[in-house]
Amino acid sequence: MKKMTGAQALIESLEQEKVEVIFGISGGALLPIHEVLCDSNIRHILARHEQGAAHAAEGYARASGRAGVCMATSGPGATNIVTGLANAYLDSSPLIALTGQVNTKSANTSYMIGRDAFQEADIIGITTPITKYNCQVKSPAEIPKAVKTTFHIATTGRPGPALIDFPKDTQTGKAEMDFSDNLKIRGFKPNTEPHPVQVKKAVKLLLGAERPMILAGGGVIISNASPELLQLAELLMMPVATTFMGKSCFPENHLLSMGNIGMHGTMLANIMILEADVLLAVGTRFQDRSTGNLDSFCPDAKIIHIDIDAAEIGKNVEVDVPIVADAKPTLSLIRQQLVHKIKKQEDTPWIKQVKEAKEKFLSEMDLGKCELSSPKLLRELRRLLPENAIVTTEVGQNQMWAALHFQAIKPRTFISSGGLGTMGFGFPAAIGAKVACPTCPVVDIAGDGSFRMTEQELGTSVTEDIPVIVVILNNSMLGMVAQWQRLFYGGRYAGVKLGNVPDFAKLAQAYGAEGVRIGSMKEFSDAMKKALKTEVTTVIDVPICPEDDVWPMVPPSKGLKDTIRGV
Amino acid sequence: MSKEHSHIISTIVEHKPGVLYTVSNLFRRRGFNIENISVGPAEEVGLARMTIMVRGDDRTIEQVIKQLNKLIDVIKVTRLNPEHSVTRELALVKVNAVNTKARSDIINYADIFRARVVDVSPDSLMMELTGTSDKIDAFINLMKPFGVKEVARTGKTALSRGAKSIIIDD
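Just so you know, the sequences run in chain order A and B. Numbering that gives the first Met the number 0 numbers the first residue of the first sequence as 0 and each following residue consecutively. Numbering that gives the first Met the number 0 numbers the first residue of the second sequence as 0 and each following residue consecutively.
If we strip away everything but chain B, and leave its shape as in the complex, we get:
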């Protein structure tokens, strides 16, 4: 058996009610684990792109892809090569900023990480940050001493590099 690792699966699905249920139900039923999933409209009206991170060995991933392909509402399934694709996540991080020193330290860190301050209150700051998941983890770790109040992360989304694109059949 080959080793388990994370895989990025990019799927084009019919953008209609119930499709997320159908896809997530397949993972549950067959015992595949979703590490994270992100969904949004694709380039063509009526279609959505689901980016799913799955952990498993090669044989499991092959089954995941084949089973996804069997779903009628799934139009295209591709496995992205992590080395030839761009993977990003967006996070909103709310941190305690009770004094001027804390506030300026936080803003300094934010600059280094290219995070933007998107909300300010007398006691807190909210930052918006995009990047790889590792970068977001690192930023949140740095914020911990100040007191992280809330974190919202979108989960990863991804596209392959270069001019090539997933061809959606008619």
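If we strip away everything but chain A, and leave its shape as in the complex, we get:
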């Protein structure tokens, strides 16, 4: 037991959790914490907007596999991180938010919270539906246990965002602090080991399958199960399709990679998954953007569903063999049981069919007519970047083109807002990923609309020395909405034209970053090569054809079988 202030206890607890960095913005209700943070080894990265801080912390978490921490003051500071929490909730990221709060008591009343004090917001009430766990500290002595509990919950089982709210007087008050390790949370006991009976059933189905296929989701990345996935896929020669969140869990330059399924999945994945007679789905929630209309999703397949979250089993799709467990030990166990019973499959009729389909669909992919089409640019970008480079994306056409045309090879190298679809996520997430992996090049594939939403973080990247590269696929429009207006609303544009402002190269330069607008593929390659060697953030503004569509596409409410190649 040690006597200290709540703020000191918080910082000591964070050090025990091996936190290296906090992304945040200070404020009145955080002053006592910042006073202690100054003397700590934990780095505080000053963001320019709390939303940027939250996304940066999530980028850090997803690149590193560890908890990302952001901090914001009471009231508007706290409400500005709400989008970041909602994003982390839908993408199952271990994001931890620390918020300041007004005093629990004032000098002349027994309570302060609840009296609509200056910069008071009910952040617990606001964030309850979008956090895995949240709590408000009522006295300084609760802080060590609150931090330990929150980190444990956010990072264990299916990860998710969590928030701790610190009233200012709990930061300044002193107490005997207990940092002991014994943690008992009666309502939280995630199951990680698969049930042997279920594994046996899965093995039996896979052994009898003629056209087995894997659908791998973000859970594979979270569980670090990529090696196990690859081994199992190669043993049975099972083609692997990924969900959008699963992108990068399986090397996309592998023979068995089918690419993403979904609304903007590859023709190959969308068509081949419907052929499967046994589908091994792992770490996915069968979200509507992935499956399309459920009536025609894999109607003839027996489905094995591995997920650590029991509530995902049967939520969207009824399955034949549910396995509630961590992906890594489960895939490993399935392989162990198969390896004695089967010889490596090389030339099954199914694999022949898959190879032929892959050849056909890849040769037919639409790369656009302009010289500077997004598909061509993204393929060139892949050629220029090493395999360990991390790519983040914004949301919209840029994101879907990146999913289709930028091959991800190593896990955790493709970071994007999949569930919530948060425009403005990519740039701060890139900053966070760069902090987590300082030796990897980090590129944000952006659209001009999305980049504008968090572009102020150029200030953060320059002053904090966190160099990343932003490639803006600039069509001066909210491109995805415009695409839908072209396709489904008679081509009438409404609320999508952004105009040719600002000059992004000058904007970057105004922040002390490098900025360049390019006009040809050669200039793009040169600019990228230069940016990879430069020690400051570079913004590369690429004018693309303003009315290019993302193809293929599953029209709204249609099934994967209705994927259209283009018009």
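One should not assume that every hint holds.
Calculated lysine-lysine pairs in the BS3-like style (CA-CA distance at most 25 Å, straight line) [stated by the list, open to error]:
1) Lys15(B) - Lys93(B)
2) Lys200(A) - Lys183(A)
3) Lys75(B) - Lys188(A)
4) Lys69(B) - Lys183(A)
Since the hints were made in silico from the structure, they are not lab data. Only a predicted model underlies this, so the values are computations on that prediction, with no experimental measurement involved.
Dock chain B against the given chain A, drawing on the hints supplied.
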């Protein structure tokens, strides 16, 4: 899709501020309907029992249970089989009793329903009644001709029959 009907879900939760908000918010957010809910301290200090009646098909109820289980403050969730559990509700019913005839009729009905008179004023009677919801509905219907002034019902609460109990893990 299976047919919709009412289900009784008995949960043990941490007895602390905000837990009712967390649970009811889950129902709102995921579009599940609470028919009624009753909360009170459970057998162990620091824990409360929430009895929730939900309407839905089997798949919906399975989701309700799984989603409840994900809440950190929820320790145990059980679905009670209506045939093997006791379900009760308590009601307070205030009825006009302006003359002696009305008063004695009301008291006669109350006796049949094993309701107790708990408050008497010159113009009204208040009865306390426990039982199944059907019984309480029937009693209130009988009182209508006299003029029902106020009704307060607790909502259903329930426990499974027999020696078996919900085991609360440590």
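The hints, checked one at a time:
| no. | hint | result |
| --- | --- | --- |
| 1 | Lys15(B) - Lys93(B) | 33 Å, violated |
| 2 | Lys200(A) - Lys183(A) | 34 Å, violated |
| 3 | Lys75(B) - Lys188(A) | 11 Å, holds |
| 4 | Lys69(B) - Lys183(A) | 16 Å, holds |
Consistency with the previously given hints fails for numbers 1 and 2, ordered from lowest to highest.
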